[in-house]
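Listed below, chain by chain, are the residues.
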Amino acid sequence: MTITLSINGQLVEAPDGASVLDAINGSGTYISQLCKDADMTPIGACRTCLVQIDGQRGFPASCSVPAAEGMKVWTDTPEVKGIRKGVVDLTLGMLPQNGADGYRELSVAAKHHDISKPRWDGREREQVDASNPIFNIAMDSCILCGRCAKGCQEGAQFIGAIDLLGSGQSSRIGTFMDRPLVESICTTCGQCLSVCPTGAIQVKESLSQTLKSVTTTCPYCGVGCGIKAQVDDTDRIIEMLDDPDNQSSLGMLCVKGRFGYTFVHHEDRLTAPLVRKDGVLTPVSWDEALDYVAERLVEYRGDSFATLCSAKATNEDGYIQQKFARLLMQSNHIDHCTRLCHSPSVEAMLTALGSGATSNSYIDYEEAGCLVIIGSDANSNHPVAASRMRRAVIERGAKLIVINPRRIDMCDFAELWLRPRPGTDVALLNAMAKVVLDEGLTDEEFVSDRTEGFEEWRQIVEKYDLAYAEGITGVPAEDIAKAARIYASPPFSGSCLIWGMGITQHTNGTPNAHGLLNLALVAGQMGRPGSGISPLRGQNNVQGCGDAGCLPDAYPGYQTIGPETVAKFEKAWSNHPLPPEKGLVITDMVEEIIKGRIKAMYITGENPLLSEPDLHHAEEAFKKLDFLIVQDIFLHETAQIADVVLPATSFAEKDGTFTNSERRVQRVRKAVEPIGNSRPDWEIITDLGRRVSQKLGLDLEHEFSYSHPSELWDEMAGLTPSLAGISYDRLDAEGGIQWPCPTPDHPGTRFLYETDFPRGPRAKFVAFDQGPAAQEMPSKRFPLILNTGRILYHWHGGTMTRRASGLLARAPELEIAMSAEDGERFKVGDGEWVRLRSRRGDLEGRVLYTDKMRAGEVFVPFVKLEKHAANFLTNAVLDPDSKIPEYKVCAVRIEKVEEPVRA
Amino acid sequence: MDTTVVDQKSLRAILRNNFPRDRGQLLPALHFLQHEFGYLPDWAMELTGWHLGIPISEVYGTATSYTELRVEKPGGFIVRVCTGLGCWVNGGKELLAVAESALGVHAGETAADGSVTLEETPCGFLCGTAPAVEIDGAWKGRATPESLKSALHEAAAR
Amino acid sequence: MTANTAATAYDALAQAANKRSSTQTRFIVQVGHCSQSVGAHSIAEEIERLLPNESVLVIAGCDGACFDAPQVIVRNPSGSQTRFTRVTPADIPGIITGGNGTDGDDRAFFSGQHRLTLDGCGETDPSDIDDYISGGGYAGLAKALSSSPEDVIAQVKDSGLRGRGGAYFPVALKWQGARGVDRTPRYLVVNSEEGEPGIFKDRHLMEGVPHRILEGATIAAYAAGAEQAYIYINAEAELSAARMQTALEQAYDGSLLGRDILGSGFDLEVEIRHGAGGYVCGEETTLLNTMEGDRREPRLRPPFPTESGLLARPTVINNPETLASVPFILAKGADAFAAIGTESDKGTKIVSVSGSVRRPGIAEVPMGTTLREIVYEMAGGPEDGQSLTAIAVGGPSSGILPPSMLDTAIKPGLLHESGVMLGAGGIIALDERVGVVEMLRKLAAYNADESCGKCTPCREGTPRIVDAVDRLLSGSGSLNDLEEARYLANVVNSASLCGLGQAAGNPVTSVLHFFGEELAELVGVR
Ligand SMILES: Nc1nc2c(c(=O)[nH]1)N[C@H]1C(S)=C(S)[C@@H](COP(=O)(O)OP(=O)(O)OC[C@H]3O[C@@H](n4cnc5c(=O)[nH]c(N)nc54)[C@H](O)[C@@H]3O)O[C@H]1N2
Ligand SMILES: Nc1nc2c(c(=O)[nH]1)N[C@H]1C(S)=C(S)[C@@H](COP(=O)(O)OP(=O)(O)OC[C@H]3O[C@@H](n4cnc5c(=O)[nH]c(N)nc54)[C@H](O)[C@@H]3O)O[C@H]1N2
Ligand SMILES: Cc1cc2nc3c(=O)[nH]c(=O)nc-3n(C[C@H](O)[C@H](O)[C@H](O)COP(=O)(O)O)c2cc1C
Ligand code: SF4
Ligand code: SF4
Ligand code: SF4
Ligand code: SF4
Ligand code: SF4
Ligand code: FES
Ligand code: FES
Ligand SMILES: [Mo]
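Residue numbers (our numbering), protein chains in the order written: chain A, 7 to 909; chain B, 47 to 204; chain C, 27 to 552.
It should be emphasised that the hints constitute simulated quantities derived from the structure, not laboratory data.
All values reported here derive from a predicted model rather than from experimental measurement.
Each residue gets a CB set at the ideal place from its N, CA and C atoms; glycine is no exception.
Please note: incorrect hints may appear among the correct ones.
What the hints assert, rightly or not - Derived DSS-like pairs (lysine-lysine); straight-line CA-CA distance at most 30 Å:
| # | chain 1 | residue 1 | chain 2 | residue 2 |
| --- | --- | --- | --- | --- |
| 1 | A | 123 | A | 234 |
| 2 | A | 902 | A | 833 |
| 3 | A | 786 | A | 676 |
| 4 | A | 629 | A | 701 |
| 5 | B | 55 | A | 858 |
| 6 | A | 902 | A | 873 |
| 7 | B | 55 | A | 488 |
| 8 | A | 234 | A | 210 |
| 9 | A | 833 | B | 139 |
To be verified - Here are some, though not all, of the chain A residues that point toward chain C, as calculated from beta-carbon distances under 10 Å:
| # | residue |
| --- | --- |
| 10 | 46 |
| 11 | 67 |
| 12 | 70 |
| 13 | 84 |
| 14 | 86 |
| 15 | 90 |
| 16 | 97 |
| 17 | 102 |
| 18 | 103 |
| 19 | 172 |
With the hints as extra help, turn the sequences into a complete structure.
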């Protein structure tokens with residue numbers, strides 16, 4: 007439906023629900039509008055959008071008047087223009103300097119109203135808040151439009167670090183108690199900066215002129231936010247803007263998406279292939295490097311070759327890499343970081359449901375009546391998804407339940423926070439399920455029509471009464487019961503279960519994940535809007551990497567290795583034979599290297615020598631390899647011990663697709679030329695593939711000849727039913743599309759399991775008992791539990807974020823978070839430099855007293871800062887089903903040490 | 047609410063028992079704090095924000111937007127002279143001068159020793175008994191310079 | 027329902043209330059916010075201490091004669107009564123022993139009034155619901171509940187009642203508006219913020235006849251289909267809140283609030299809320315923000331509160347005086363109300379008269395009464411030795427009239443096109459002790475101080491008006507400053523977001539209109 011109205015006598019059309027301002031903007035007529043952000047509801051504060059409307063008194067603000075059929079609007083009669091001019095003039099009068107230039111949107115408004123010199127002298131106001139290392143808030147060029155506060159709050163991010171403070175003449179933008187921004191809960195997401203009309207909030211360094219804007223996808227996390235790279239005439243990205251049209255991020259970004267891109271142009275980028283000569287990595291030409299690699303690799307064809315694919319690279323990169331390994335190297339030893347991440351979730355979901363993906367979408371979080379966030383710190387690690395969860399709580403009154411031994415920021419919004427002892431989630435989840443059973447909250451219809459294994463499961467769960475579970479978990483029985491009730495009968499709509507590494511990275515990882523699935527099944531909380539199960543995916547393309555078949559046991563689209571699948575792909579790939587046996591997972595590869603079975607490895611976009619547990623042990627293993635190729639954008643710890651290092655381009659220099667946590671396939675578009683001689687992963691692999699094929703005399707070069715990633719996509723989609731309907735043309739025209747999308751006219755799928763499951767009509771209850779909480783528990787010598795994970799400002803080992811100056815400045819040192827109680831017990835004061843030691847290694851960092859930690863537990867992110875990294879301490883024991891390491895629990899002790907003197 | 051706040055723990059309990067987790071409870075809770083402390087201590091605002099699920103910047107933004115809520119500790123007693131038109135024309139002007147000189151502070155200030163805060167108010171809503179002055183919450187109508195001086199003496203002596 | 031149930035239930039209540047009419051002497055002490063400031067509460071305490079047998083102490087609100095406060099009325103069982111004014115502790119023994127009254131010169135103050143919302147105010151015991159009922163209280167509610175909501179709306183429409191909070195919006199239309207929005211729960215908010223200088227009539231009503239407001243609110247809620255009401259009271263109006271609270275509790279006890287009111291099936295919950303200061307709190311959307319725990323700033327309109335108000339639900343917001351008029355309309359009929367006032371402007375208005383007058387106070391007069399009648403006949407004009415120089419009507423959102431305009435009759439809306447409005451009925455008489463520019467400066471500074479700061483023209487423009495006036499005051503002004511003030515007044519009035527800014531220029535425009543010559547003289551230009 008559209009409305010027709012007249013603007014300055016000209017008929018224009020506007021969509022139903024548009025405001026008069028929308029209609030004016032749509033008509034191409036300029037009108038000033040300083041407080042209305044395109045993505046947010048109107049504020050009405052600036053009063054620079056006033057118009058005249060026939061039949062209405064005075065000068066209504068066009069941003070807040072709904073457009074109506076037949077309305078006659080005038081934007082520039084002398085009367086209204088005169089009033090607006092007065093307002094713009096008063097606005098300029100707030101600023102310190104004479105003249106009207108340099109204030110972005112305000113300057114444009116001034117110009118339109120023929121103001122070159124403000125009518126009044128400027129006002130004296132507060133100074134600059136420069137506490138944030140990335141941007142300043144210059145209070146004196148603030149016109150109090152309120153957009154920043156709204157963007158920080160309910161307009162977008164639901165963070166609430168800043169607000170309008172005071173009233174009247176003392177009005178100002180600021181934080182709690184007018185403290186410096188960095189002392190607030192500000193996450194440096196930059197939403198405020200992106201909406202500021204005058205440049206009062208601005209990055210510290212000055213920006214050059216934008217030449218082009220390229221819409222692409224964030225390279226960090228699995229939320230998959232839309233970004234728009236602004237590129238200047240020296241082919242550098244100078245600024246990253248949010249993308250209001252992106253369906254996953256809705257115009258939001260977090261600090262990494264907005265400010266973390268600077269690694270792209272960092273001087274440490276690999277610019278030429280390196281080959282180890284006389285023990286030294288030496289720059290060589292691509293021909294030399296690739297010929298050398300091809301020559302060496304043919305020696306390791308088959309079982310002695312393994313490859314790690316990159317969840318940072320594109321779907322196309324992943325597809326061609328597994329094709330390379332399978333077709334040319336005849337090996338299924340293919341894996342990627344999901345093994346260290348959501349393998350228990352995938353394992354459990356495959357068993358219980360038949361598919362390993364998130365069943366719902368971010369929109370379901372917004373529509374849910376209850377959100378359970380368990381073992382995930384979404385505020386830090388999935389910030390934009392977390393904003394959407396907060397929207398549900400704040401705007402729609404959804405009940406939030408947090409289950410985490412550590413107090414995470416999301417607890418501020420929670421109805422209920424359960425604080426289990428680490429590693430005891432099986433007992434907790436079983437007890438919750440028992441409450442559901444006992445209190446008649448079971449979704450009987452769902453259970454009887456759509457599940458199996460219920461009775462067997464029920465018998466196991468029966469013994470988890472509340473008192474028993476309280477004994478194991480330490481969570482008050484009443485809270486467990488309450489959580490179960492809210493989850494099983496949310497106040498409205500459905501319930502979403504959202505989880506992360508606190509569930510998976512345990513020796514109980516797979517039982518934990520089954521516990522969650524069982525709970526969702528018994529309560530019938532999936533398969534409809536506002537419900538569902540969400541293992542929040544970690545890396546930007548970890549979903550896609552799995553979808554593309556970078557797995558030891560499956561081809562693209564989770565087509566499990568077996569005679570049928572193998573035959574299908576043999577047929578597709580020039581009728582060449584493919585290895586029939588499933589391959590090894592990462593963690594097993596490490597052990598098999600030590601045993602001498604794996605001799606050569608090709609690692610792209612992963613850094614096991616920071617991300618594997620027990621790094622001394624891992625390094626020992628990787629050093630044993632005969633031949634190690636690392637393909638990355640930086641010379642990280644693993645690359646440093648490689649025989650050959652191949653320089654890949656980053657996301658900014660290539661085309662392709664990423665698939666995010668809600669199964670949305672989104673385009674990655676080349677914004678700048680490759681840095682140095684780096685090449686996109688797919689190009690390197692195809693080039694290498696042709697050379698290997700030649701060396702082997704296989705006549706498979708045509709299987710590695712593509713002129714554009716879209717051809718790779720088409721090949722993969724053609725072999726993968728769930729992706730078959732997606733094409734670059736559609737992605738360009740429609741934006742991201744959520745799989746399954748079987749046909750070109752299919753709109754994509756918001757949520758799964760509406761009627762049945764990939765494994766069949768019924769999902770399966772799988773019962774587990776609570777096992778030992780962890781393999782290594784505190785002892786007299788190692789009295790504390792070390793919990794490792796992430797912080798907002800760093801990415802994993804930090805290879806990228808240490809090279810994004812703003813991020814590093816926000817978090818330059820390793821912080822060891824602990825309770826003041828423990829600090830006193832172990833005689834280490836807040837801010838003191840300490841050493842943390844486990845049976846396997848140690849690290850040093852600075853103590854941070856926080857009420858987020860419980861006595862007996864410390865938390866360290868696994869980023870490496872200076873030379874310290876958590877994985878020197880972690881324990882390489884595995885969950886038997888998924889082979890994930892127990893990153894979340896090991897025993898450590900703490901001691902005060904002398905702080906090193908730094909330059 | 048007959049409990050008194052002694053520390054963070056007792057305030058938490060009071061909040062939990064008296065103010066349901068609902069943003070609409072913010073003003074009532076802030077009124078309670080001000081009643082209890084004479085102003086809004088930062089830690090108390092923080093606990094209130096956490097309890098009600100409101101970002102503390104918004105608690106502070108809200109608190110500072112209301113003229114009656116104080117985020118700074120006022121003097122030992124508060125004197126407010128009505129300077130609305132009704133009082134002004136009936137002698138309010140003189141009363142303000144008397145108060146300033148008797149207390150040794152200007153309107154809007156707190157004495158250096160923290161003993162007293164002097165303020166103007168634009169109307170005490172007892173214009174029928176103008177001119178009016180409020181001392182520690184109690185209004186005095188038909189005030190004269192003499193009656194004001196002795197009332198200030200009394201208040202200072204308390 | 028019910029036609030009869032409500033009426034029957036009410037009859038029973040009324041009978042019970044009347045039965046109690048006593049054989050005791052009533053010592054009625056009028057204690058209100060203002061009379062307290064001149065010792066009324068201590069008088070009450072003292073009388074209580076000395077109270078003779080067979081008599082009761084009644085703490086009532088005031089009757090509006092602030093100039094006579096503190097007042098005591100002694101009413102004998104026979105019905106005869108004696109009035110004591112400006113009572114001091116020394117007078118009390120005489121009062122107790124039945125001395126002569128001191129009926130000063132207040133006849134004229136009351137004789138011009140038509141007390142309909144103020145009926146019984148100053149004599150009725152606000153903490154005794156029976157006292158209100160035996161005076162005919164809650165009869166209007168009983169009638170309303172025996173009719174359909176549509177019918178109630180129709181009656182109020184016929185009466186011509188407009189809102190008394192200052193904007194004079196037709197009351198029936200507002201109720202109908204909210205009723206027509208199909209989203210529940212609907213809310214009713216009684217706007218008792220009353221933060222406008224020089225206006226103290228809502229406090230007076232709440233202190234003196236709280237039940238009349240409750241009765242009106244209940245009728246309004248019934249008509250608008252609201253099931254929850256809030257009485258939003260200025261946080262500093264503690265006495266008002268206490269009296270409303272007592273009244274509330276009694277109404278609940280008497281089945282006049284809560285579930286199944288008077289057996290009609292209609293439910294209404296009522297709760298008291300408070301603001302936290304500032305004139306703009308009374309602006310209806312600001313008040314909603316306050317109730318939701320947000321900053322003290324107005325919201326954008328549209329949407330209007332009747333469509334999306336408190337918690338985004340349809341919300342009726344009415345002034346207590348408005349609601350206090352409603353029981354009369356229901357009980358006595360729309361015609362009875364419409365008969366008061368003028369052809370175009372129906373009913374009465376409570377005015378708050380203060381400043382340079384002998385008899386400041388609260389008076390309820392028919393619409394159409396002239397300022398001269400109010401200021402001179404009722405309030406007695408300035409004290410000897412002073413002469414009237416100006417009248418500030420309607421508060422700082424309005425303007426200033428010269429003595430030559432004394433024959434202006436009060437009516438809803440503009441009293442003069444230069445920006446003088448009746449507003450909520452504040453009338454402040456001024457004399458030579460305050461010069462015109464000083465007066466203007468006070469009003470302009472008030473608006474600048476009270477600007478909430480949300481929108482640019484008001485936040486930035488109002489202080490610049492003050493700057494211009496200051497230049498005039500300092501003697502260094504020029505004609506440019508007059509022009510500047512006029513220019514700013516126009517921008518601020520035309521561009522501001524809410525009623526505060528939209529009227530903040532009025533003092534300037536009216537002063538320039540009426541006192542332009544004086545000002546020109548001041549800046550040395552003729
Ligand atoms: N900033 C940033 N964002 C990231 C990443 C990053 O490196 N930096 N990495 C991405 C990747 S790959 C991933 S996989 C995701 C991971 O995202 P998350 O899963 O949120 O990551 P973690 O911080 O490892 O751990 C989550 C939480 O588990 C809790 N936990 C620990 N043990 C237990 C337990 O026994 N039970 C319960 N219930 N909880 C427990 C921890 O206290 C921690 O708060 O983040 C992605 N996003
Ligand atoms: N202690 C502890 N350890 C953990 C975890 C934990 O919670 N605690 N979590 C585990 C989890 S969940 C994960 S996912 C792993 C992550 O472990 P990794 O995947 O090893 O971590 P990253 O540092 O993200 O590695 C990505 C690499 O890709 C490179 N890169 C970026 N873009 C491209 C590209 O386009 N092409 C190529 N070729 N390279 C690129 C980056 O430079 C970087 O070196 O860590 C695991 N390790
Ligand atoms: C700045 C400002 C202050 C106001 N203050 C009050 C007030 O204290 N009481 C009141 O009833 N209305 C006040 N109003 C008017 C209200 O917005 C609203 O119109 C009124 O409460 C509606 O009630 P009524 O229709 O019964 O008059 C104010 C308006 C403005 C713009
Ligand atoms: S950067 Fe983000 S969190 Fe910080 S103040 Fe701005 S919008 Fe709020
Ligand atoms: S900082 Fe910018 S966005 Fe925020 S209020 Fe000021 S001008 Fe508006
Ligand atoms: S939330 Fe994730 S995808 Fe979005 S900007 Fe941040 S890191 Fe990038
Ligand atoms: S306004 Fe009413 S309460 Fe106040 S002194 Fe006058 S009569 Fe008494
Ligand atoms: S007109 Fe004044 S009071 Fe009203 S919103 Fe604007 S700044 Fe606030
Ligand atoms: S854009 Fe409409 S008021 Fe600011
Ligand atoms: S002007 Fe002083 S009380 Fe109203
Ligand atoms: Mo991960």
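Here is what the structure says about each hint:
no., hint, result
1, A:123 with A:234, "violated (35 Å)"
2, A:902 with A:833, "holds (8 Å)"
3, A:786 with A:676, "violated (55 Å)"
4, A:629 with A:701, "holds (27 Å)"
5, B:55 with A:858, "holds (17 Å)"
6, A:902 with A:873, "holds (17 Å)"
7, B:55 with A:488, "holds (24 Å)"
8, A:234 with A:210, "holds (20 Å)"
9, A:833 with B:139, "violated (63 Å)"
10, 46, "violated (13 Å)"
11, 67, "holds (7 Å)"
12, 70, "holds (4 Å)"
13, 84, "violated (13 Å)"
14, 86, "holds (9 Å)"
15, 90, "holds (8 Å)"
16, 97, "holds (5 Å)"
17, 102, "violated (14 Å)"
18, 103, "violated (16 Å)"
19, 172, "holds (7 Å)"
Checked against the numbered hints given earlier, this structure breaks hints 1, 3, 9, 10, 13, 17, 18; the rest are met.
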